[in-house]
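So for the sequence shown, our numbering puts the first residue at 1; every next one is plus one.
Think of the hints as simulated: they come from the structure by calculation, not from any bench.
Fair warning: there could be bad hints in the mix.
[To be verified] With a straight-line Cα cutoff of 20 Å, these simulated PhoX-like cross-link-like pairs (lysine-lysine) come out: (1) K166 / K156; (2) K156 / K175; (3) K27 / K8.
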Amino acid sequence: MKITEFLKHNYRHFNAAALIDAAEGYKSHLDNGGKMMVTLAGAMSTAELGISLAEMIRQDKIQIITCTGANLEEDVFNLVAHDYYERIPNYRELTPAQEQDLVERHMNRVTDTCIPEMEAMRRIENVILEEWVKADEAGESFFPHEFFYKILLSGKLEESYQIDPKDSWLLEAAKKNIPIIVPGWEDSTLGNMFAGHVITGDVKNVHTVRTGIEYMIYLADWYTNNATEESTVGFFQIGGGIAGDFPICVVPMLHQDLQRTNVPLWGYFCQISDSTTSYGSYSGAVPNEKITWGKLGIDTPKFIIESDATIVAPLVFAIVLDQ
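Use the sequences and the hints to build the structure in full.
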């Protein structure tokens with residue numbers, strides 16, 4: 001039985017039914033000529049969402065991505081250092097002494113998965129530092145994702161691949177030159193490393209890596225050129241935080257701050273969330289609240305799946321991919 005057949009037969013109520021509705025809405029949006037932004041919060045790359053996300057990119061089901069700095073770099077960490085990762089299923093039972101042992105072995109834990117500092121982070125630092133310095137000396141500047149595209153497309157890392165490269169979503173995005181928005185990139189391991197290299201003088205100009213404000217300007221231009229009444233842009237949000245909050249605001253910015261009246265609202269919205277609305281959490285806000293902020297309209301297809309994105313997102317993608 002195909003995955004889609006299984007899901008449609010068994011997923012009939014509550015969050016299960018919301019999953020089906022959201023996936024069908026995603027397909028309808030694309031079938032009607034729309035484009036789709038997918039946003040990645042949390043540690044989706046370390047959760048290896050790339051296995052399904054890369055296929056979505058290959059099949060042109062995603063036209064633009066917004067992600068945290070962590071998700072940008074952790075997909076590449078996994079690409080070159082997967083064999084050195086350690087999974088700790090009993091992470092809830094670790095003592096402080098056991099956590100100390102992990103840090104002394106340079107193993108950085110994300111829930112049940114430890115990322116090896118030397119094999120992953122430092123390996124990428126050495127390669128990307130060359131690009132930072134090269135751009136700095138030439139007086140050039142690029143976005144964080146563009147530096148990653150450079151090192152991936154250069155082939156410098158190919159001998160270090162430890163997973164099937166078709167499971168790297170960032171590599172697939174680089175091949176298609178899909179635009180990526182990375183708000184708050186400074187809040188990432190490589191962001192910290194870049195700051196360190198500026199402090200030590202290895203990189204002279206802090207603006208060699210372009211900033212979040214420049215990303216918003218870039219996104220405003222992209223949205224203006226791609227969103228029409230006949231072909232709107234949808235918003236598929238995995239998790240919350242800055243990955244979702246930052247890009248969705250481009251629409252009210254265009255309307256309210258630039259006084260543009262011919263910009264369509266987001267044409268589809270779905271969020272996979274485990275955040276609780278009653279805490280005043282923006283990430284947990286139900287879609288209707290976004291009407292009051294000028295992001296969604298009364299008739300915008302709206303879905304919220306209150307569940308674990310590591311479980312839900314691959315299933316939604318499977319339906320969209322007709323698997």
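Hints versus structure:
no., hint, verdict
1, K166 / K156, "holds (17 Å)"
2, K156 / K175, "holds (15 Å)"
3, K27 / K8, "holds (15 Å)"
Against the hints set out earlier in the document, no violation occurs for any number.
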